[in-house]
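Protein chains: 2
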Amino acid sequence: MTTPAAPLRVALLGGGTVGGSVTRMLLEQADDLEQRIGRRLEIVGIAVRRAGRDRSDLGVDPSLFTTDAQELVTRADIVVELIGGIEPARGLILRAMEHGASVVTANKALLAEDGASLHTAAAEHGVDLYYEASVAGAIPILRPIRDSLAGDSINRVIGIVNGTTNFVLDAMDTTGAGLFETVERAQALGYAEADPTADVEGFDAAAKAAILSSLAFHSRVSTEDVHREGITGVGARDIQAAQDMGCTVKLLAICEKVATADGTGISARVHPAMIPLTHPLASVREAYNAVFVEAEGAGDLMFYGQGAGGDPTASAVLGDLVAVARTRVTGGRGPGASSYANLPVLSMGQAVTRYHVSLDVEDRSGVLAAVATKFSEHDVSIETVRQQVVTDDDGAPRATLIIVTHAATDAALSATVDELAQLDAVNEVTSVMRVEGS
Amino acid sequence: MTTPAAPLRVALLGGGTVGGSVTRMLLEQADDLEQRIGRRLEIVGIAVRRAGRDRSDLGVDPSLFTTDAQELVTRADIVVELIGGIEPARGLILRAMEHGASVVTANKALLAEDGASLHTAAAEHGVDLYYEASVAGAIPILRPIRDSLAGDSINRVIGIVNGTTNFVLDAMDTTGAGLFETVERAQALGYAEADPTADVEGFDAAAKAAILSSLAFHSRVSTEDVHREGITGVGARDIQAAQDMGCTVKLLAICEKVATADGTGISARVHPAMIPLTHPLASVREAYNAVFVEAEGAGDLMFYGQGAGGDPTASAVLGDLVAVARTRVTGGRGPGASSYANLPVLSMGQAVTRYHVSLDVEDRSGVLAAVATKFSEHDVSIETVRQQVVTDDDGAPRATLIIVTHAATDAALSATVDELAQLDAVNEVTSVMRVEGS
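Listed in order, the protein sequences are those of chains V and E. Position 436, counted from 1, in the first sequence is what UniProt numbering calls 436; the numbers after and before it change by one each time, with no gaps. Position 248, counted from 1, in the second sequence is what UniProt numbering calls 248; the numbers after and before it change by one each time, with no gaps.
There's no promise every hint is true.
Negatives, chain E to chain V, calculated, CB over 12 Å [claimed, not checked]:
hint : residue
1    : 28
2    : 332
3    : 388
Some chain V residues judged to face chain E by a derived CB distance under 7 Å, without partners named [stated by the list, open to error]:
hint : residue
4    : 305
5    : 311
6    : 319
7    : 323
8    : 326
Hints in this document: simulated from the structure, not taken from any laboratory. Positions of the beta carbon are idealized from the N, C-alpha and C atoms, including for glycine.
Extracted from the complex, chain V is given alone in its bound form:
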């Protein structure tokens, strides 16, 4: 036996829920991790915002806590950033890299906004940057896309990457309740934040769509490139309309390659959509996440698990930490970002999708012809039409037209719907939703 090498110095930034789980798992599994890495990990400091809070439950030496993150990152081999947000996280990560540290982060907002400059800095300083925990919590998805599918060509990634909205939509589907009462229930159960905007409006999912698109298509996609619609427009009658179609409504992060007249581009978007119950994503219930990947060679793959929570997120962080530590021990570098394909990001109007449209129309002849004409004027082909006549509360007959289109550009589809709403024969557009996954 040779003398053991000095431990690898690990600095943690952030003492919140995930930081607590990471610390605990690092301590509990110290011997196992040493065996797997070939070197011991030593926590050299935990940067917290305020000193003095009692953290004796973590079982670490109290002297490890510091409020001086700027100093801490200069004396570590690996920095684990769990602060979140853009600053001071970005500055600390760059400073850590300048001082030769590899970085593991769960920071989706930062990666999605400015991943390029972080990757550039990592390459410049010859260090690793890993961020598995930034998308879909515990689910290994970035490494499979980056490594396992590195020899394949990915066509599309469709993710349920926000647990809060999936919980809400699933509960609406089960109970028939409306959106706002369901969000309140989710808040009471701890599945939604007091301010649910980031989840409900799709900001969280959009950041993840940017990260997934960048990796899947070897291009640079940032949050602002991602078309974003949240679930606030989804009502009980949309859910009912989906059920009538043998579908369910999910908030999807969709990243796909689209062939246009000008060449291949990327459509990156977050919006609610109907998916058939037969699609594997339809069975993702409650707050679970899943990412469905369609690749040229591999065909359809799905990755399923918990998308949030202290321990699940910590599991992803620690997987990265072990990978980064291994390259410290064996030499070399982990795979960096690749953006060689440099595909342009398309506008939402250029995305190709399908629409489900429910119309409340006059019950008289010629209505269907007028409606169908609007679709054909925009070159949108109709897949199915269903007409229902029901009696309303006043005893008057009301007709409903339910139309599902073939694939067309979103620009053509939305223009069609705008004009349908103007038709005299159309009383109301009762539900419009994209249809995916068929």
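Dock chain E against chain V, hints included.
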């Protein structure tokens, strides 16, 4: 720009379906792969069994085909072994490593029988050994277990890792048909081999269980350690019994840590089992594969996709090829095998499981007491009992007892069933099946 480095030399062993897909994808994606790796890949030879077969469809220089695999492996940086079986595959892999080549293989039989000596040789010669394609085809599962979950502690892996048997069981579930006619149908549709033994008897799944157990538990588990029962004992009435329970029957590869009086051991086994329809594995239909992983931090994860086929398997092979090529370019070594935990493999009798037992019994008092006594004599606790009285074809009443146990050792459970069959009041044990995933 510096002068480009010499291409990495890739030798392919095996010119079958997967080899063809690998060759085609290597050629079609040559430019992409060069960007992702940082170096061009060059096929320096394809070893085939017989010369002269027309392979012009692959679009490679005919002079690349050789029947001299022994020579070919000495002049490559990376050898891709797709021959299968133990020899000559093992000899060629060892020879390749001796000559400094890293190896990518899809060979589950060899890995499961003798992975240890391959890993030892790889470490000795400082080369990489990757084998993602050996388990569950296109599904990234070995890399997630080895890398993504490297900072976590895996408690259990339950896999549907054989597409043929899943197709057969799913078809039986849907049609109510018996086993043998369903296997014939699967053969006609190309989902089962002319000789289906390796699939139907669980040999294929057992090899995969050995590989999964070794990686998940950092121990050495080989095929002979895996308890194996195929699906030949599964009849239409077992399927019906499962449906009556809100379950479906799957052939499962189960790898779990079990606490015994002597410490922690590994239970590695392949057998049919009932799983509840609410379990994510229950919705894995047709010939699809899926692997469900239960980890301490990550919680429940599932990986789903195609388990076989030329292109899906080639996708996994190429992912490994890119990884191995990257370490050639950046230096260092990929993570090797780790068997530090060295956990013992338990016998099937020590496995802890639950049984579903259907008994055809006399319709008289005292029968339930006699049956219940047998369970209690073996310390097996009963979770539910259901008694049904039906009239048989002759108009006589027949009673059925359906019992589901709590968890107990397989030894106690199987001894109980053996003795139940001897009871006077028991006409027949009509169905016995383990229950998993609850």
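Enumerate the violated hints, using their earlier numbering and listing them in ascending order. When the structure is compared with the hints, numbers 1, 2 turn out to be violated.
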